[in-house]
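A.B. asks: Generate coordinates for the entire structure from the input sequences, incorporating the hints supplied.
Protein chains: 2
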Amino acid sequence: MAIVEADISVSVDGFITGPNLEQEPGLGEGGAVLHAWIDEPAGKRLLDEAFASAGAVITSRKVYELTAGWGDDGFYKMPVFVVTHRAHDQVVKGDTTFTFVADGIRDAVARAVAAAGARKVHIMGGASIIQQALKAGVVDQVFLHVAPVVLGSGTPLFAQLGERIGLERIETIETPSATHQRYRVVK
Amino acid sequence: MAIVEADISVSVDGFITGPNLEQEPGLGEGGAVLHAWIDEPAGKRLLDEAFASAGAVITSRKVYELTAGWGDDGFYKMPVFVVTHRAHDQVVKGDTTFTFVADGIRDAVARAVAAAGARKVHIMGGASIIQQALKAGVVDQVFLHVAPVVLGSGTPLFAQLGERIGLERIETIETPSATHQRYRVVK
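Going down the list, the sequences are from chains A and B. FYI, in the working numbering the residues of the first sequence are 1 to 187. FYI, in the working numbering the residues of the second sequence are 1 to 187.
Hints listed in this document are in silico derivations from the structure and should not be mistaken for laboratory results. Just so it is clear, CB atoms sit at the ideal spot from N, CA and C, and this is done for glycine as well. Keep in mind that the hints are not guaranteed to be accurate.
[What the hints assert, rightly or not] Which stretches of chain A does chain B cover? Using the computed rule of at least three CB atoms under 8 Å from a CB of chain B, they are:
| no. | segment |
| --- | --- |
| 1 | 5-18 |
| 2 | 143-152 |
| 3 | 162-176 |
| 4 | 179-185 |
[What the hints assert, rightly or not] Below, computed lysine-lysine pairings styled on DSSO-like, alpha-carbon distance capped at 30 Å:
| no. | chain 1 | residue 1 | chain 2 | residue 2 |
| --- | --- | --- | --- | --- |
| 5 | B | K77 | B | K44 |
| 6 | A | K187 | B | K44 |
| 7 | A | K44 | A | K93 |
| 8 | A | K135 | A | K187 |
| 9 | A | K44 | B | K187 |
| 10 | B | K93 | B | K62 |
C.D. replies: Below, the structure written as structure tokens:
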């Protein structure tokens with residue numbers, strides 16, 4: 001069955017965006033450094049591997065809206081399940097299908113697992129989606145791209161999740177602008 | 001001049017203790033896993049290196065009180081500067097001197113730097129001391145021992161520090177029960 005992996009960039013102090021998202025949508029003030037690794041050859045290879053190994057993506061309505069403009073063909077080129085409170089018809093762009101799931105994270109993950117076949121399900125975030133998935137016990141692996149910065153404020157990945165979750169380290173990969181840590185969730 | 005390094009164990013979600021410190025003083029509920037690396041040969045070597053390279057320690061009154069019973073000879077075997085609001089006479093145990101500094105973190109660091117000579121000043125925590133030192137701009141390096149656990153709640157190392165601090169990765173070391181990340185603070 002598909003491995004469900006939450007995959008996200010984060011600061012050393014645990015933020016996935018800087019502050020002032022109203023002024024700087026997406027990564028917030030100072031948040032661009034979180035994604036600097038993506039623009040480097042070694043980081044690009046990691047990202048390409050992540051895309052090549054994924055058979056489906058789960059994301060939030062907010063991230064969908066932020067990234068909806070990426071590419072005429074839908075960018076992801078695989079089924080994308082958008083967790084939302086507002087029902088919406090499926091959107092098809094080239095090889096990418098955006099299916100809006102209003103029945104919660106468990107349902108979204110079940111549908112993504114069915115769609116992914118032998119490949120991974122890649123939970124992209126935002127933070128709320130990853131928190132919901134961790135609490136629901138449907139995450140098999142966490143892949144954190146830790147950028148060398150203390151942002152001081154912003155959107156916390158975990159905040160006070162309220163549950164203790166054991167992890168086992170699978171691997172640590174260094175690229176010039178991040179330390180990439182992949183963990184297995186102990187169930 | 002002595003390098004000032006903040007050195008502390010932390011969960012993947014950024015806690016230096018679990019919750020319920022009243023019931024479980026020291027590391028809190030579930031927090032023992034944060035220090036599991038210390039009991040392993042590879043971790044013990046790292047800790048021995050940290051002690052061997054340090055010429056002075058900075059800590060909080062709370063950590064002082066928690067660890068005051070460690071060893072008749074004072075455990076640290078070097079000058080220890082305890083940041084406190086309550087003045088207290090110096091305590092001498094064997095080679096260890098505990099000097100209580102009531103004039104704030106900058107003064108404590110200046111005195112520790114003078115005492116450390118060519119060795120490092122090791123800021124042990126707690127979280128509040130490390131936060132104060134980072135905000136005061138007196139930290140040269142941060143050495144985080146990241147244990148493979150999401151604690152969900154507890155004492156946050158950074159929380160909302162409120163300041164953006166650039167870091168440069170110096171090294172990443174894996175031991176069986178932690179990933180050790182040493183960063184230089186960009187000034």
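A.B. asks: Could you run down the list of hints and mark each one as holding or not?
C.D. replies: Each hint, compared with the structure:
A stretch counts as covered by a chain when three or more of its residues have a beta carbon under 8 Å from one of that chain; for the segment 5-18 of chain A and chain B the count is 4, and the coverage holds. With 7 residues having a Cβ less than 8 Å from any Cβ of chain B, the segment 143-152 of chain A passes the three-residue criterion, so the hint holds. For the segment 162-176 of chain A, the stated coverage by chain B holds: 10 residues have a C-beta nearer than 8 Å to a C-beta of that chain, and at least 3 were required. Taking a C-beta to C-beta cut-off of 8 Å, the segment 179-185 of chain A contributes 3 residues in contact with chain B, enough for the three needed, and the coverage statement holds.
Proximity of K77 of chain B to K44 of chain B is assessed by CA-CA distance (about 17 Å); at most 30 Å being required, the pair is judged to hold. Between K187 of chain A and K44 of chain B the alpha-carbon distance is near 29 Å, which keeps this suggested pair within the 30 Å criterion. For the hint linking K44 of chain A to K93 of chain A, the alpha-carbon distance of about 24 Å falls within 30 Å, and the restraint holds. Between K135 of chain A and K187 of chain A the alpha-carbon distance is near 12 Å, which keeps this suggested pair within the 30 Å criterion.
Between K44 of chain A and K187 of chain B the CA atoms are separated by roughly 29 Å; this keeps the pair inside 30 Å, and the hint holds. A C-alpha spacing of about 18 Å is found between K93 of chain B and K62 of chain B, which places the hinted pair at or below 30 Å, so the restraint holds.
Comparing the model with each numbered hint stated earlier shows that all of them hold.
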